[in-house]
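Asks: Chains as they are written, first to last, in our numbering: chain A, 1 to 188; chain B, 189 to 628.
Be aware that one or more of the hints could be misleading.
What the hints assert, rightly or not - Facing chain A, a subset of chain B residues (Cβ under 7 Å, in silico):
hint	residue
1	325
2	395
3	506
Claimed, not checked - So these bits of chain A aren't anywhere near chain B, every CB distance computed over 10 Å:
hint	residue
4	37
5	50
6	53
7	57
8	125
Unchecked claim - Some, not all, of what chain A presents toward chain B, calculated at C-beta under 10 Å:
hint	residue
9	33
10	36
11	39
12	46
13	49
14	61
15	75
16	96
17	101
18	102
19	166
20	167
21	178
22	180
Please keep in mind that the hints were generated in silico from the structure rather than gathered at the bench.
Ideal placement from N, C-alpha and C gives every residue a C-beta, glycine not left out.
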Amino acid sequence: MTEVVSLSNNKSAAVHLSVPSLQLPDMTSAAETMLSKALDYCAQKVNVGDYETIVKRLESGDSLTSGFFQYSLANQLAEYLGVLDEDIRAVYLYDYDATPEDMAFAQLRQASLIRLIVWTRRKTNALQALIAAASRALSDKYAGLVGTDERKHVLDVQVIDDSDVNQRIGYGGLLSSVQYQPIRLWQR
Amino acid sequence: MQQPMIDLIAKPQARLTVAGSDGRGSLWDTVLEQLDEVAERLRLDPGIHAMLRQPERELSVAVPVMMDDGEIRVFTGYRVQHSSARGPCKGGIRYHPDVDLNEVRALAALMTWKCAVVGLPYGGAKGGVQCDPRQMSESEICRLTRRFTAMIMPILGPKRDIPAPDVNTNPQVMAWMADTVSMLQGYAVPEIVTGKPVILGGSLGRREATGRGLAIATAEVLHRLGRALADTSVAVQGYGNVGSAAATILHEMGCRIVALSDVSGGIFCQAGLDIPDVNRHVASHPLHLLEGYQAPGVEAISNEELLTSDVDVLIPAALEHQIRADNAAAVRARIIVEGANGPTTREADAILNDRNVIVVPDILANAGGVVVSYLEWVQDLQNYFWGETEVNSRLQDIMVRSLNEVWDYSQAHQVPLRLGATMLAVERVATAISTRGLFP
Numbered sequence: 001m002t003e004v005v006s007l008s009n010n011k012s013a014a015v016h017l018s019v020p021s022l023q024l025p026d027m028t029s030a031a032e033t034m035l036s037k038a039l040d041y042c043a044q045k046v047n048v049g050d051y052e053t054i055v056k057r058l059e060s061g062d063s064l065t066s067g068f069f070q071y072s073l074a075n076q077l078a079e080y081l082g083v084l085d086e087d088i089r090a091v092y093l094y095d096y097d098a099t100p101e102d103m104a105f106a107q108l109r110q111a112s113l114i115r116l117i118v119w120t121r122r123k124t125n126a127l128q129a130l131i132a133a134a135s136r137a138l139s140d141k142y143a144g145l146v147g148t149d150e151r152k153h154v155l156d157v158q159v160i161d162d163s164d165v166n167q168r169i170g171y172g173g174l175l176s177s178v179q180y181q182p183i184r185l186w187q188r
Numbered sequence: 189m190q191q192p193m194i195d196l197i198a199k200p201q202a203r204l205t206v207a208g209s210d211g212r213g214s215l216w217d218t219v220l221e222q223l224d225e226v227a228e229r230l231r232l233d234p235g236i237h238a239m240l241r242q243p244e245r246e247l248s249v250a251v252p253v254m255m256d257d258g259e260i261r262v263f264t265g266y267r268v269q270h271s272s273a274r275g276p277c278k279g280g281i282r283y284h285p286d287v288d289l290n291e292v293r294a295l296a297a298l299m300t301w302k303c304a305v306v307g308l309p310y311g312g313a314k315g316g317v318q319c320d321p322r323q324m325s326e327s328e329i330c331r332l333t334r335r336f337t338a339m340i341m342p343i344l345g346p347k348r349d350i351p352a353p354d355v356n357t358n359p360q361v362m363a364w365m366a367d368t369v370s371m372l373q374g375y376a377v378p379e380i381v382t383g384k385p386v387i388l389g390g391s392l393g394r395r396e397a398t399g400r401g402l403a404i405a406t407a408e409v410l411h412r413l414g415r416a417l418a419d420t421s422v423a424v425q426g427y428g429n430v431g432s433a434a435a436t437i438l439h440e441m442g443c444r445i446v447a448l449s450d451v452s453g454g455i456f457c458q459a460g461l462d463i464p465d466v467n468r469h470v471a472s473h474p475l476h477l478l479e480g481y482q483a484p485g486v487e488a489i490s491n492e493e494l495l496t497s498d499v500d501v502l503i504p505a506a507l508e509h510q511i512r513a514d515n516a517a518a519v520r521a522r523i524i525v526e527g528a529n530g531p532t533t534r535e536a537d538a539i540l541n542d543r544n545v546i547v548v549p550d551i552l553a554n555a556g557g558v559v560v561s562y563l564e565w566v567q568d569l570q571n572y573f574w575g576e577t578e579v580n581s582r583l584q585d586i587m588v589r590s591l592n593e594v595w596d597y598s599q600a601h602q603v604p605l606r607l608g609a610t611m612l613a614v615e616r617v618a619t620a621i622s623t624r625g626l627f628p
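Only chain A is shown next, with the shape it has when bound in the complex (with noise of 0.2 Å):
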């Protein structure tokens, strides 16, 4: 599946016609592949050699089988994202609650969304475009992977740029925190 974004009534992304393709690639075989290196990932951290048993416990929610495939996923991706989009400068996987110790007991309780701050020279609608794509494509073949006809939201992605960081605001704020550092996954 190859999706074109359309630029009309897009004035920042029109004047920035350098950054990314506006062919955006295909999105559904890199999906796959994203999911199947994904579940090899599992497989070795969690030590079961078969598939059917690390889908089980992704359906299941199973915390720790959950955290490596999206610890995974979230690696992936944000390479895909920064290989696309020249303005990417890094890619940060963070988790929140109020406290870290809190984040501690809240970690056992659920599975959760892959969150990803994406930090970029400028923010683009194609940009956007980008990560919308992924998020659907992801999000349609993990539900095919657990065997269900709901689209699962798989994945919370923030964008922030320079003045967000340097200001410290919103979830720019988060990349010179102590309290919730986020781990970074890829820098150009």
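Once you have looked at the hints, place chain B on chain A.
Replies: Just chain B, lined up with the frame of chain A:
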């Protein structure tokens, strides 16, 4: 807290340069600046000031771990004890690729103040290992934990230093730490850590403790202001472990929770949200989000709109730096109870203070977690375990007492609650030091 302060006041002030602060603009520098400011206000004895500017003990260890592929990797770990003046040191252990000594120092000092402000008989500590646990298998994390524990064990102990979970560690890691110490001692030592699974001596009520503490602090502030809970509207930013517990308990207390948000967005209902119904929705959502919640009168709002919504109480219980100079003037809540660590920037704090907004600071408001950690330790030491009602009751007593002590202290010194809380904490630690005297 009427300990003799004679030695702490009316002494000449001195600007101190302390080895150990490398001045690279870290949180440690910020912590020292705050301490200096408070020391000046308290006219703290320069010698005690100097003691508090340096951690009491720092241990750095190189932790070799056999990875699953047979390779040996060496990780760097730290345990820093900032002060044991008021009792055994207490603080979490974090696993993160960017852990460094200055960060651990700063967090250890903050634990000293936090324990002191709620009157726990603890000093402050923190620990960490530079690693990325998401790249490690469970057995690798287990081996790392056990070796790290063995290497810092000389300075650990139920009467010396009691670790707890923090970033990327959890009750299972605490179980491995307790087991390692127990094996090396030859008898069970569950009281060596807190945040353990309940089956190993963990406390009932721990998971909701921070949220419950927030709710108790909120109710007590309203009580001090003569406000009825039933007439109070509340917005909670962040619906994780802490935010959801705080909202649920405040709802049970009778407050009207009108706005909630999480990473997927926010919801608002002027008449008050049906929190049990919201919780059922979140529990059934595959990723435990508010996303998609619908009910009569409920509208979707953004996180930013939640922060500036027309409510009596705002509880930021998610990320740092949510209330900033650019949005502080638009905050309409008259009371802010900080569930998250550092949700209000320094600039925003000044704006809120000028507007007479009451800010219950994080060091006090989110201390419910460490309070129940303390109650877990007490239960372990006595080998007798309380029911959840008793744990919650004791948490209530400590939070109410602490809130009132900080409130009264701040009024007496005519300072905002945040400054008052830190001043009270530093004063308590300083008093303990001066009362104990200097050994030898």
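Asks: Give a verdict on every hint.
Replies: Evaluation of the provided hints:
With a least beta-carbon distance of about 5 Å to chain A, the hint placing residue 325 (chain B) at the interface is held under the 7 Å criterion. Look at residue 395 (chain B): its Cβ gets to within about 5 Å of chain A, closer than 7 Å, so that hint holds up. At a threshold of 7 Å, the smallest CB-CB gap from residue 506 (chain B) to chain A is about 6 Å, leaving the interface hint in force. The non-interface label for residue 37 (chain A) is consistent with chain B: the shortest C-beta to C-beta separation is roughly 14 Å, beyond 10 Å.
Remark: the non-interface label on residue 50 (chain A) is consistent with the geometry, its nearest Cβ contact in chain B lying 17 Å away (cut-off 10 Å). Under the 10 Å C-beta cut-off, the non-interface status given to residue 53 (chain A) relative to chain B holds; the minimum distance is some 15 Å. Residue placement check: residue 57 (chain A) keeps its beta carbon more than 10 Å from all beta carbons of chain B (closest about 12 Å). Every Cβ of chain B is farther than 10 Å from the Cβ of residue 125 (chain A); the closest lies at roughly 19 Å, confirming the non-interface assignment.
This hint is violated: residue 33 (chain A) has a C-beta 20 Å from the nearest C-beta of chain B, more than the 10 Å allowed. For residue 36 (chain A), the interface hint is violated, since its Cβ never comes within 10 Å of a Cβ in chain B; the closest pair sits about 19 Å apart. Because the smallest distance between the Cβ of residue 39 (chain A) and any Cβ of chain B comes to about 15 Å, over 10 Å, the interface hint for this residue is violated. Against a cut-off of 10 Å between C-beta atoms, the interface hint on residue 46 (chain A) holds, since the closest Cβ of chain B lies about 7 Å away.
A distance limit of 10 Å between C-beta atoms decides the matter here; for residue 49 (chain A) the minimum to chain B is near 14 Å, and the interface restraint is violated. Hint status for residue 61 (chain A): holds, given a least beta-carbon distance of 8 Å to chain B, under 10 Å. Annotation: interface hint on residue 75 (chain A) holds; nearest CB of chain B at approximately 9 Å, less than 10 Å. This hint holds: residue 96 (chain A) has a C-beta 6 Å from the nearest C-beta of chain B, less than the 10 Å allowed.
Against a cut-off of 10 Å between C-beta atoms, the interface hint on residue 101 (chain A) holds, since the closest Cβ of chain B lies about 5 Å away. Hint status for residue 102 (chain A) relative to chain B: holds, with the closest Cβ pair at about 5 Å, below 10 Å. The restraint placing residue 166 (chain A) at the interface with chain B is violated, with a minimum CB-CB distance near 13 Å, outside the 10 Å limit. Interface restraint check for residue 167 (chain A): the shortest CB-CB distance to chain B comes to about 8 Å, inside 10 Å, so the restraint holds.
Residue-level restraint check for residue 178 (chain A) holds (minimum Cβ-Cβ distance to chain B is 5 Å; threshold 10 Å). Residue-level restraint check for residue 180 (chain A) holds (minimum Cβ-Cβ distance to chain B is 7 Å; threshold 10 Å).
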